[in-house]
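*Asks:* Generate coordinates for the entire structure from the input sequences, incorporating the hints supplied.
Sequence lines, in order, name chains X and D. Number 261 marks the last residue of the first sequence (my numbering); no jumps. Number 525 marks the last residue of the second sequence (my numbering); no jumps.
Calculated directly from the structure, the hints in this document are not laboratory data. In this text, a Cβ means the ideal position worked out from N, Cα and C, and glycines have one as well. Any given hint could turn out to be false.
Said to hold, decoys possible - Partial selection, computed: residues in chain D whose CB lies under 10 Å from chain X:
| hint | residue |
| --- | --- |
| 1 | P268 |
| 2 | A269 |
| 3 | A272 |
| 4 | P369 |
| 5 | A371 |
| 6 | V435 |
| 7 | F483 |
| 8 | L490 |
| 9 | I496 |
| 10 | A506 |
| 11 | D510 |
What the hints assert, rightly or not - Pair by pair, the computed Cβ-Cβ distance ranges are:
| hint | chain 1 | residue 1 | chain 2 | residue 2 | range |
| --- | --- | --- | --- | --- | --- |
| 12 | X | T61 | D | A421 | 55 to 61 Å |
| 13 | D | A426 | X | L162 | 56 to 62 Å |
| 14 | X | L60 | D | D510 | 35 to 41 Å |
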Amino acid sequence: MRRSRLATGGAAITRYALSLGLFVLIWFLAALYVGKPNTLPRPDVVFHEALEMIASGELLTNAASTLRRLLAGFLLACAAGVPLGLLMGLSRSLEAYVTPLIEMLRPISGIAWIPLALYFFGIGEALPHFIIFYGAIFPVVVNTAGAVKQVDRRLVDAARTLGASHVMVVREILLPGSLPMIFVGARIGLGVGWMAVIASELVGAPSGLGYLIEWNRTMLMSSRVLVGVFSIGFIGYLMDWMLRRAAYATTPWWTGWKQHG
Amino acid sequence: MGDRETPAWQARYLRPLALPLLLLAVWQITVMAQPSASGIAPTPFGVIRGFWELTLSGELPKSLLQSLFRIFSGFAAAFTLAVAAALLVSLSRAAEYLLDPVLETFRPIAPIAWIPLAILWFGTGTYAAMFIVGYAVFFPVFVNTLTGLRGVDPRLVNAALTLGASRTMIVREVILPAALPTIVLGARLGMGVGWAAIVAAEMTVGSKSGGGASGGLGQMMFIFLSYSLELRYIIVGMITVGIVALLIDAGFRRLERLLMPWPH
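*Replies:* Okay, here's the thing in structure tokens:
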């Protein structure tokens, strides 16, 4: 049993290496054929550039400022969105008042706010923070409100019968019961926020990964742009993986992880 | 919890409209209370007038059509490619081993991150925007189609085989219809991301190329920011972005019901 799993793991790695190796080979040949490093740089050049950008600290400083913005905007969105969603899940009249406003604003993507926000905030930290917050809060609120409503009412009734107070019902039943779906909302929010921070840095921020790729584009340094693009993908994947792990670790009993994980 | 009976009119009109109307009123009054700002500060009525003016001048319809053309052509290309790739991966083990790792490597890269390279490769026009939309659409469609194809009940395939169906017939008559709900779902998700991405692409291009011929809604908004500071025209653009997003979503839901009248 154990050996066979090891063997399949090894086979998976071999397949992965083979597939990506073939891709890099095609890329290499295509780059030779195109022959314009400003348009399509060779993979080995990109790799060297990546090492250089790591050694000079350029990649890490920019990644750090992007992550700092994302984290601030995202945590703010969670801090505002989770309580609002909980209240909406608890009170049907509050939900009736707030939902139309949310449904009105939600289709306007955070990215569409960039020009107006650029006028109000100028180039700097406030712009990406606002755009991330705006993009992330809707999935968080909507999923939290939905999560509270799908908690089994019989559990609430049982607790009430046993004399639990309002606060206790919220803390002991509704909150843990809705935690998995809150995590799902947070994951979607983080993904949207990641798009939003890159977009806002492309247009209006003096640092960050989005700024890095756009700046190197104007310098015609395609290899450096590609390093930035791959870093964006890698970091995005890593964050999603960490949040998934955290969600699974806090609510291992939830049966829906197969579907949403 | 513990809702008291509310009159029908209140539940129907007052509740949903109260907050949006209040917000609009506060917005209008705040701007009117500051005469010094009235030159550039937009008001709700100003925005409504802006809609009318931009429609008459032809700027709004032209940019909107340009963006719509890009998103639908980019979508059509990416959708075809994604469904074909998913079919290939689900039918052939070799294709799965070769394609899957590469696609999984590129999937987490946000489409917006490709904008600078798309500009380098395709210039600042329609093709760059189409590439971004295509990238955004491809992965949700691919992943959902693959999930759908793999979820097809093997008994259906076996039954068709027993009855003498050929391989193409099984794909066309059994597998694709069974996977249709998830394929359409993937298309809907992809269009949602694609629409946000195309606005970002047009905006980035618009902010850099200094208002060339690249056009589109995103660039229209940016030109109003950098050249004429007509904030109410920017808001017209934002509302248009929202309405189009809603319409696209509603259209796909409609399509879902039309293609699959059975409950799923």
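*Asks:* Look at each hint and say if it fits the structure.
*Replies:* Tested hints:
{"no.": "1", "hint": "P268", "in the structure": "violated, 13 Å"}
{"no.": "2", "hint": "A269", "in the structure": "violated, 13 Å"}
{"no.": "3", "hint": "A272", "in the structure": "holds, 7 Å"}
{"no.": "4", "hint": "P369", "in the structure": "holds, 4 Å"}
{"no.": "5", "hint": "A371", "in the structure": "holds, 5 Å"}
{"no.": "6", "hint": "V435", "in the structure": "violated, 24 Å"}
{"no.": "7", "hint": "F483", "in the structure": "holds, 5 Å"}
{"no.": "8", "hint": "L490", "in the structure": "holds, 8 Å"}
{"no.": "9", "hint": "I496", "in the structure": "holds, 7 Å"}
{"no.": "10", "hint": "A506", "in the structure": "holds, 4 Å"}
{"no.": "11", "hint": "D510", "in the structure": "holds, 8 Å"}
{"no.": "12", "hint": "X:T61 x D:A421: 55 to 61 Å", "in the structure": "holds, 59 Å"}
{"no.": "13", "hint": "D:A426 x X:L162: 56 to 62 Å", "in the structure": "holds, 59 Å"}
{"no.": "14", "hint": "X:L60 x D:D510: 35 to 41 Å", "in the structure": "holds, 39 Å"}
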